[in-house]
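Student: Given chain B, put chain E in place with the hints provided.
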Amino acid sequence: MTTNTTNIHIRTKINGQSYEFLAPSYMSLLDALREIVGLTGTKEGCLDGNCGACTVNMDGRIVDSCLVLAAEMNGSEIETIEGMATSDGLHPLQKTFLEEAALQCGICTPGFLVAAKGLLDNEPKPTERRIRHWLAGNLCRCTGYDKIVKAVQKAASDN
Amino acid sequence: MVETFEPKSDYRVIGSRPVRHDGFDKVTGRAIYGADVKLPGLIWGALARSPHAHAIVKSIDTSEAEKTPGVLGVITSKDMPETEDKMIDLGEGDENPRWTSNRLMASTKVIYRGHPVAAVAAADRYVAEEAAKKVKVEYEILPVHNDVDSALANQAEIIIDGMVGNDLGEEVKNTNMATHERYDFGDVNKAFKDAAYIEENTYTMQMVHQGYIEPQNATAFWDEEDRVKVWTSTQGAFTARTALANLLQLDVSRIKVTPCEIGGGFGGKIPVYLEPIAALLSKKTGRPVKMVMERTAVFETTGPTPGGKVWVKIGADNNGKLIAAESKIWFEAGCNPGSMIGPAAQCIYAPYDIPNTRIDSYDVVVNKPKVAPYRAPGSPQVAYAMESAVDDLCDKAGWDSMEFRINNASTQGTRRGDGVRFSVIGTKDVLSATKSSNHWNSDLGTAPEGKVRGRGISNGYWFNIGLKSSVNLNVNNDGTVTLIEGSTDIGGSRASISMQAAEALGIPAEDVRPSIVDTDSVGYTDVTGGSRTTYATGFAAWKAANNLVDELKGRVAMLWSEGTGEFGKDDVTFESGVFWSKAEPQKSISFKELAGKLDNLGGPAISTGSVDLESAGDGFGMHIADIEVDRATGKTDVIRYTAVQDVGKAIHPSYVEGQMQGGAVQGIGWALNEEYYMQDEGGMANSSFLDYRMPTSLDLPEIETVIVEIPTPLHPYGVRGVGEVPICPPLAAIGNAIKDALGVRLTDLPMNPGKIIEALKK
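These protein sequences, in sequence, are chains B and E.
Counting from 1, one number per residue, gives the positions in the first sequence under this note's numbering.
Counting from 160, one number per residue, gives the positions in the second sequence under this note's numbering.
Chain B extracted, bound-state conformation:
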């Protein structure tokens, strides 16, 4: 840390659990999750909001966590990939991603899952076009998206 760094006091909820910590004023939400809280499931792809690998849910809205300052977490509720599966098992989207082989390298998968959950939470029965539009902020270079879209459709049809 540089000598003139200001640290911000943050109280937040991540995946339902309360956290309290100090973060440098310049730190992103992404780095706070990965470096301070230790949740590395949220991935870094570009650091400029164009790939969606760092997608998290912030107060019911999906955001690129690389574009949000850690300080903005204060008083917020954050949901990350680590919060998607519960003690009852995988989220339906996680199951359909496995069944439909909707991942290859898997680096974009956490972002896609959090984004897709954000869609299905509000729109249980989206059309294929709507799914493709909603997920256009998440880049995948391996799959050509085909199996991702099918996995989301399958999870939606089970809703």
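Just so you know, these hints were derived from the structure itself, not from any lab.
Mixed in with the good hints there might be a few duds.
Said to hold, decoys possible - If you want the ones that stay clear, here's a sample from chain E, every Cβ over 12 Å from chain B, calculated:
| hint | residue |
| --- | --- |
| 1 | G229 |
| 2 | S236 |
| 3 | D308 |
As the list claims (entries may be wrong) - In silico contact screen, one side only, chain B against chain E (beta carbon under 8 Å); selected entries:
| hint | residue |
| --- | --- |
| 4 | F21 |
| 5 | E44 |
| 6 | P110 |
| 7 | T143 |
From the three backbone atoms N, C-alpha and C, an ideal C-beta is built for every residue, glycine too.
Tutor: Only chain E this time, still in chain B's reference frame:
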């Protein structure tokens, strides 16, 4: 003599679709990718990079960076060990360690924008990055060569001082042309004189990037005994180790590379970039050092695939038989030699049987990042030229281009452009599967007002590679088997390799537990690349499984002998997971039951399998593209798309389809939009995902797949590689579809709206 295998069809595991073994880790965020590595005392490294693409480095002043609070060490090229000036083999291409060293950390010259000039280690990443900006460098700017024509011009500035070019065996000094190769078969000049129809054209293209979502990363620790541990997202832990040994001037046994989960690569994560820098920063500071590359640097400094130009001329007789082909291929190597002119020559004519062929190819150094393999390296560029020319020849002669491709298709015994003759291949089977596909037999439909539709097809080819792989198997007493391998799993290969072991052992895929381990813990294994992993590491797994069965037969004999020695290993047979007595067919024991008894039957049962495969089964594919062009905006939408491919045998069909879809979409991006848009003064103008603009889910239709299975005799299950072929056809399939829609041939990639508007004006 190469061992060959008869095709089988009665599989229990192969061809099924189990959940991949690493699936749960990857949908829950638990999987550890390179950037997720944490170590006690970990600090961060960052690079100071050149803003110029070509300049002499007159001085480097690191004093301000060193004084920054939190900075623990700074290195420059003076800290790079002196390296040998010779070519070494890295699995998918040769490299000269001295040039590589200078490319990773500039000494006297920078030769591409983003070229590192110094590296900083600091307590955290932000401090390291801020301090790197304080490194002061004095540059003397030199003229920049962005393309082949400029680099080969008479008065061109020489990019690598002292590089000696090879022009058909003649040494050339003071040049940017590293290599000129030629393949010449038959009598091309006479054949063109005999030809009734001739088509020739020049096709141009820009560099494009692999575009993996995970940036390059490395974590390294250099200890007091000069032993170096490296954790990295690499396609090849062993080839990374070789490269590091050369760059750091250490024996390979002093280096342990742990391959982490990898977030895409497509060839681009074969070379090392940050690994040696992190290691040297660790040496300097005594702390483990992590580095993660910023996205701009990923574009500007890590391997794209070559841009350049391809001239092709083809001739056919009156009966529609191709009789002659000639081509000249100029590829941009980037700032060090090593573009994929060899593979380009192997691939360009492969889908066709042509008696007279010639290829001249040129590897040219330019002021851009050094190219790295990208999915079928060198093949898509030449497929774009050849497959466009074939359609134009057919248009000229009034022939149906599908029938022409079928009539001229390569087959067993056909001589490829580089002279190699084909074994069992599926070119014709792919063409007939395409012809009978639902897509080919469906109408194009009617375009909405202002838009126009077209359909195009194209072949694609990749030879696939074999090379070295190692697998170890251990039997657990619950009947499961651990499978230890060295192949990075970039898209489901844990599953495809485990399934081959499971098939041979007659146990479910889930009962094989794969682990990908570091370079100290398994035998040498070449890169995950070239479509070799499921083929070669799968072959090693099959071999290890058979060795295990052999070992277990001995244990069964021990069990049934009950100390009498009346049963020998040869009295036991094995089929579908059960050991049988040859003499007494009612006497049997299952694999699982035997596993539970091993503790008292000679102890742990283990086996190994290793392979070094000279060649692999050639892969052919054909794609059909339906497109719709907006005449007002020039925007092209892909409205229907089908990929057909001979995969030999699909081990896990879902991941085979995924490879075909993913490769097709990378090709669609390359065809329509992706390019390194270069500034005159050097450097890329679009080095972000926003401006480079790869395809998103909204840009695409469903990608339909048709799997053709013509088993290769070179593999026990007939596996050919899968991953490379599907990026080859899309460029020309879309170019041919645009010609079908608009009646104009575009010869310059990408075929973006601006070029379509220009073409419509003509």
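Student: Any hints from earlier that this structure breaks? Give me their numbers in increasing order, please.
Tutor: 1 and 4
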